[in-house]
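The hints should help you fit chain B onto chain A, whose structure is shown.
Listed below, chain by chain, are the residues.
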Amino acid sequence: MVLGSEPLSELTQLSPLQILGVDAGYGEKTVLHDVTFTVSEPSIYVVLGPNGAGKTTLLRTIAGILRPSKGSVNFGGTNVYNSKEARRRLSYLSHLNALPEEMTVREALEFYASIEGGDVDRALETLDLQKLEGRKMSTLSQGQKKRVSVGKVFLRERDLYLLDEPTSNLDPAMARDVRDLLLRLSRSKIVLYSSHNLYEAKEIGKYLVLIKDGTLQLFDRMENIRPKEYRVGIRATGDLSSLKDVEMSNGYYVFHVAGQEEVGAIVKRLVQGGVTVTEVKELDNPLEDFFTR
Amino acid sequence: MGFMTATAKRGLKLGFVYVALSFVILIPVVVLSSQKLLNLPTHGVPPNLDLTTYFAFLSVPLVGLTGVISATPVSLLFVHDKNNGTLEYLLSMGMDQTDIFRGYLGASLLLGSISLFIGLLVEAATGLASGTSLSLIAAQIGLTLALGYSDIALVSILMSAFSSLQRQPVGFNQPMGIAVGALVLSGALVVPALAPTLALPVELVIAVMISLLVVALLFLSGNLIRREKMLP
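Taken in sequence, the protein lines are chains A and B. Residue numbers for the first sequence follow the working numbering, so the first one is 1 and each next one is one higher. Residue numbers for the second sequence follow the working numbering, so the first one is 294 and each next one is one higher.
Keep in mind that the hints were calculated from the coordinates and are not lab data. As the structure is a computational prediction, the values presented were derived from the model and not from experiment. Mixed in with the good hints, there may be bad ones.
Per label pair, the in silico range of CB-to-CB distance [to be verified]:
| no. | chain 1 | residue 1 | chain 2 | residue 2 | range |
| --- | --- | --- | --- | --- | --- |
| 1 | B | V501 | A | G52 | 47 to 53 Å |
| 2 | A | E203 | B | A509 | 53 to 59 Å |
| 3 | A | K84 | B | A509 | 21 to 27 Å |
| 4 | B | L414 | A | G143 | 45 to 51 Å |
| 5 | A | G259 | B | N516 | 54 to 60 Å |
| 6 | B | N516 | A | K228 | 49 to 55 Å |
| 7 | A | G143 | B | A475 | 42 to 48 Å |
The list that follows gives simulated cross-link-like pairs (lysine to aspartate or glutamate, EDC-like), each with its CA atoms no further than 20 Å apart [unchecked claim]:
| no. | chain 1 | residue 1 | chain 2 | residue 2 |
| --- | --- | --- | --- | --- |
| 8 | B | K522 | A | E28 |
| 9 | B | K302 | A | E116 |
| 10 | B | K306 | A | E110 |
| 11 | B | K302 | A | E101 |
The beta carbon of each residue, even a glycine, is placed where N, CA and C say it ideally should be.
So here's chain A without its partners, still in its complex pose (with noise of 0.2 Å):
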């Protein structure tokens, strides 16, 4: 299945997203401190940090929900609190699913459609529906109803995505749909993604914007986040284990090396050697750092 397989329009040009100098919170709490960073790029932007770093209370402020303290987001020149125009640009995905549960899943769209306009049956067909439109809400599972979730954020096309943990709930072959749908999105629009799957930030991440304790620790591609170390695993014909600084673990001759840049010389050494590579497998996340420091 190829969820959403028609082509999304291009825009001509992306309005900034600018987050200056933002403190935001509950009440008296303050979640977010000084909190800046400017995207224009058409791309993903993975939000990772550990539980209770401040991710949702950034995406709620980015969407115009909460009020900063302190600071501003402005998105196109406009600021998103103060306008209705702007927060129509932007779909904000919250980790709870915002359906009314009495209702059948389409009815539970065109209820949306009603109030914002878009089309229901493109909804539909994005997150592969059709057969569960005239389920209720309550006797869908939970990763059914997350499906129905996200399909409401694809009733019409926004310019800015702010999605909470959009594949949770989702077994692997939809959360892979969806994670594919979110790519072919990103080429023109710029999608802020939360997660707590770090293989899967950082399978479709570009960016990262790391958060924790309130702060922003971390604004970089991703290409530029190395692991204090790398290691890589291979399986070969042959035994490596004589090799000097290599260790078995879990059927894998483990080599440490600085970085990805040397993974190809060790094949090729291997190869010239006589031994048949069968895999290579990176071992370590370098995201994993960042919640184990």
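Frame of chain A; chain B shown alone:
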């Protein structure tokens, strides 16, 4: 179909039993309005008390109460929608807290209209059948509309406000809105007994005061209640 109509439709679908229950309250309204027809005993009644006028005004808050009861599901939906993230999503769609309050308020008034109009029909029909004067029936209907709609609006906005202001996310304080609305109606219930001749102006003043309070609360809602109060 806009947000308000969609919400009223949801309220009716989920809370049909409330609407049905409100019709039960119309039974005493029928009895009060057709007092002449039923030929109720009048011994012991002060000679200066016009029972027809007295009972006509007594039925006004009762019909108003039917409107409040049938509109209740919309206020319950407000808490449900807050807890499941629907309000948060509506905010992200470009609505603000005042739009949301107005939407649920309008839906309450729409749903309350069902019982209110049926109550008015009952009042008018039984009044006409009893030979009540047209001017009294007109006053009764006008007063029912004013008091009924203003009280539905007050209850709706208070229930939403109480559920937004409280710390508990389960809508624990929400029924206090109904209590306040019932208090206002019980006041209107007492007036015809205490001062029958003043029932019309006093109840009208009550309705106007409630309406002004509702309008003020609605205008202030944007400042009094922050958007974060709509979050689950």
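Going through the hints against the structure:
1. V501/B / G52/A: 47 to 53 Å: holds (50 Å)
2. E203/A / A509/B: 53 to 59 Å: The hint (53 to 59 Å, Cβ to Cβ) holds, given that E203/A and A509/B are roughly 54 Å apart.
3. K84/A / A509/B: 21 to 27 Å: holds (23 Å)
4. L414/B / G143/A: 45 to 51 Å: holds (50 Å)
5. G259/A / N516/B: 54 to 60 Å: For G259/A and N516/B the Cβ distance comes to about 55 Å; the hint holds.
6. N516/B / K228/A: 49 to 55 Å: With a Cβ separation near 50 Å, N516/B and K228/A satisfy 49 to 55 Å, so the hint holds.
7. G143/A / A475/B: 42 to 48 Å: holds (44 Å)
8. K522/B / E28/A: Holds, because 13 Å separates the two Cα atoms, which is no more than 20 Å.
9. K302/B / E116/A: holds (18 Å)
10. K306/B / E110/A: The given pair, whose Cα atoms are some 16 Å apart, holds under the 20 Å limit.
11. K302/B / E101/A: Holds, at about 14 Å.
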